[in-house]
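Just so you know, the protein sequences line up as chains Z and V, in that order.
In terms of the numbering used here, the numbers along the first sequence are unbroken and rise by one, the last being 318.
In terms of the numbering used here, the numbers along the second sequence are unbroken and rise by one, the last being 757.
No lab work stands behind these hints, which were simulated from the structure alone.
Note that beta-carbon positions come from the ideal geometry of N, C-alpha and C, so glycine has one too.
Please note that a few of the clues may not be correct.
As the list claims (entries may be wrong) - Okay, the calculated bits of chain Z under chain V, using three or more residues with CB under 8 Å as the criterion:
hint, stretch
1, 123 to 129
2, 148 to 154
3, 169 to 177
The lines below spell out each chain.
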Amino acid sequence: MTASSTSHSVLDQPSLFQRLIRLLTDHETFLAYVLILPSVIGFTIFLAVPAVRALFISFYEWNLLTPAEYVGFGNYEYLFGDSRFWGSLGTTVAYVLWNIPLQTVLAVLIAVLLDRFSVALSSILRGLVILPWLMPNVIVALLWLWILDPSIGIMNVVLNTVGIQDQPFFGSPDQALPSIAMVNIWRHVGYTAILVYAGLKTIPKSLYEAAAIDGANATRQFFGITLPLLRPVLVFVLVTSVIGSFQVFDTIAVTTGGGPVGSTRTIIYYIYEQVFERRINMGRATAASVVLFIILVGVTLLQMRYLRSNQSDLADYS
Amino acid sequence: MKSIRKYSFVVLALSLMLVIGAVSAQDVTIRYWLWDTNQLPPYQTCANNFMAENPGITVEVDQLGWDDYWTGITTGFVSGDAPDVFTNHLAKYPEFVELGQIYDIQPWVERDGVATDIYYPGLADLWTKDGARYGLPKDWDTVAVIYNVAMVEAAGIDPAIFDSWTWNYEDGGDFEQVIAQLSIDANGNNGLSADFDKDNVVQYGYGGQVGNNPYGQTEWSMFTNSTGWVHNNGTWGDTYFYDDERFINTIQWWADLSLEKGYMPPYEDRSGLGSLALFQAQTLAMNIDGSWMIGSYLGSDFEVGFARLPAGPEGRKSMFNGLADSIYVGTDHPEEAWAWVKYLASEACQTVVGESGVVFPAIPSAADLSLQVRADNGIDVSAFTEQAAEEGGTFLFPITDYAGEINTIMTEAMDAVMLGQATAADILPAANDEVNSLF
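Kindly produce the complete structure, drawing on both the sequences and the hints.
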């Protein structure tokens with residue numbers, strides 16, 4: 001924020017009418033609104049309206065085919081009394097904890113490595129690391145279902161050669177969830193690394209030169225300069241990947257179907273079951289969706305607040 | 319002259335309208351869905367024959383994988399875009415009846431005088447409730463033992479024993495002896511040896527399917543029901559018996575085949591790609607599977623044989639399951655859809671399906687054709703048909719409401735038993751209470 005933009009008093013602010021006139025006469029502003037209009041329309045039709053509608057549906061017992069019946073908070077009472085719902089929340093949190101720290105650390109490492117290579121080599125490597133992200137989720141899940149099959153998959157063969165015994169992976173209640181997390185990390189880490197790599201490119205080289213003159217080694221430079229200046233990018237990466245992780249579904253549907261013993265039933269899988277295996281129970285499904293929405297808004301606000309997403313440390317250096 | 323011209327114009331216009339009307343009246347497309355990729359070719363032939371006989375109707379046949387199939391049907395109901403006619407399953411159709419999404423075809427059956435006694439006994443009745451009828455039978459299935467011929471020969475087992483072997487949950491009978499003999503550890507000891515290392519098995523005697531659903535069609539029902547146990551109190555019943563001692567003991571015996579004895583791969587190993595993949599990778603000597611899977615087993619790189627189920631205390635028992643074709647209530651062309659369903663259930667189409675050898679059609683003469691096709695190729699699959707023909711040799715698929723809920727409850731409970739997290743006696747009575755509280 002510059003000094004000039006904050007020097008106006010409240011009395012200097014244009015009225016609503018003036019702003020409207022300016023909007024219609026200022027071509028650039030007008031063009032900006034025209035350009036974002038398709039997104040706004042799409043957001044309204046496909047996200048905002050369904051989200052509000054879901055809130056209403058959550059107070060009804062409805063299968064979309066016969067008339068809805070108002071049940072007040074009945075669906076929420078059912079959810080809070082259902083041990084499988086609580087189990088699915090716990091499983092989802094566990095999945096996020098498996099997925100996010102590992103994926104973020106790996107992505108930063110890969111990005112830093114990419115940044116060290118020459119431009120030509122880095123381009124090729126960037127293409128390679130993002131390849132898994134270009135594959136459809138279901139294909140990735142099927143691929144790993146074969147690789148991680150305990151009896152005939154290649155992973156156990158590889159593990160055996162380094163002296164590790166056969167692992168059950170998707171078949172074990174203890175390993176199924178981490179296995180799914182690993183598969184999704186494999187798919188997404190390249191994309192995250194590219195985002196971080198782009199963030200690295202915004203850090204002026206002069207800072208590193210100055211630090212080097214002051215005698216800071218590579219580790220010191222990473223923790224003193226790179227990591228703090230990456231914060232806005234990391235906030236974006238964390239917020240989007242946490243939201244994505246809370247919504248994990250397709251890998252689970254293909255590999256474990258929520259089992260064994262419900263150990264991979266995440267909240268989205270619970271919602272899916274309510275609709276497709278419980279006679280299209282839209283009320284309970286939307287109630288669970290509303291709970292998920294509230295959780296996600298809360299988690300996102302906390303992340304943005306504590307990671308100070310709207311500030312850049314770069315200003316401190318300039 | 320002028321009036322003739324005027325009239326001829328009117329006649330021409332009218333006849334043109336008639337032609338257009340006739341064309342549009344005949345321009346009817348019926349969408350038909352099925353899930354089994356093996357059955358797509360014979361049913362496409364049926365569709366071609368049907369279209370040749372009914373020039374006004376086009377039948378579009380689509381095949382989707384099992385999971386996508388039911389998700390697609392459900393979303394189709396909601397969006398009003400479900401296929402006009404689709405292959406239906408006994409575990410699914412009660413829900414569709416409750417949601418009011420499939421036609422009661424009994425009035426059409428009566429109007430057109432369609433015979434429902436031409437099928438295997440009991441098949442047509444599976445699709446009726448309170449005088450309404452929700453589908454006409456197309457095929458049936460039983461289960462039987464499938465074995466790796468070379469492994470059985472190598473173990474020195476005479477296949478003749480398969481005709482007389484028995485099973486019980488106390489000591490496993492001849493059946494357990496055979497699978498023990500076929501189980502080999504890394505040191506070459508078989509399961510009958512005192513030195514057999516159950517934690518280091520290279521060849522398992524028996525596969526054991528992993529779908530821990532509430533029915534156990536190919537998993538455990540051939541054992542549980544041969545003790546005299548039944549799933550519930552009859553078709554459209556409202557009480558399940560998963561807390562019965564016979565059921566609990568059988569399930570524990572079955573789980574212990576892998577947990578305690580090492581004759582069956584651990585649950586974890588079977589749950590990924592399933593026991594068919596393990597059988598084809600030659601880590602299993604025997605498996606039990608349904609007749610609709612015959613073609614998949616024959617696709618193995620080695621010779622396979624088919625054998626009768628072991629007889630339990632109450633004889634040999636196989637679940638008898640049957641599919642039918644149902645009509646979606648949202649179809650724009652109910653009469654044409656009915657004509658297609660009637661044709662699918664007719665001798666003409668079932669003969670085509672029988673000649674393909676893929677499944678056993680619902681009409682006995684067509685099922686015999688299927689058996690003959692296999693026999694002509696030197697493959698004896700009579701283990702399936704003899705089971706169906708045996709008096710008291712089959713029991714019907716348990717049809718009830720709440721199949722989805724029961725599936726969730728029982729899958730979790732059975733998973734826990736198979737993984738050794740809980741004993742059958744500890745967990746199944748509670749699961750049974752939860753199931754029965756649904757009704």
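To see whether the hints hold, each was checked on the structure:
Check on the stretch 123 to 129 of chain Z: 0 of its residues sit with their Cβ under 8 Å from a Cβ of chain V, so the three-residue criterion for coverage is violated. Counting residues of the stretch 148 to 154 of chain Z whose C-beta lies closer than 8 Å to any C-beta of chain V gives 6; at least three are required, and the coverage claim holds. With a threshold of 8 Å between beta carbons, the proposed coverage of the stretch 169 to 177 of chain Z by chain V holds, since 5 of its residues qualify and at least three are required.
Hint compliance for this structure: hint 1 alone is broken.
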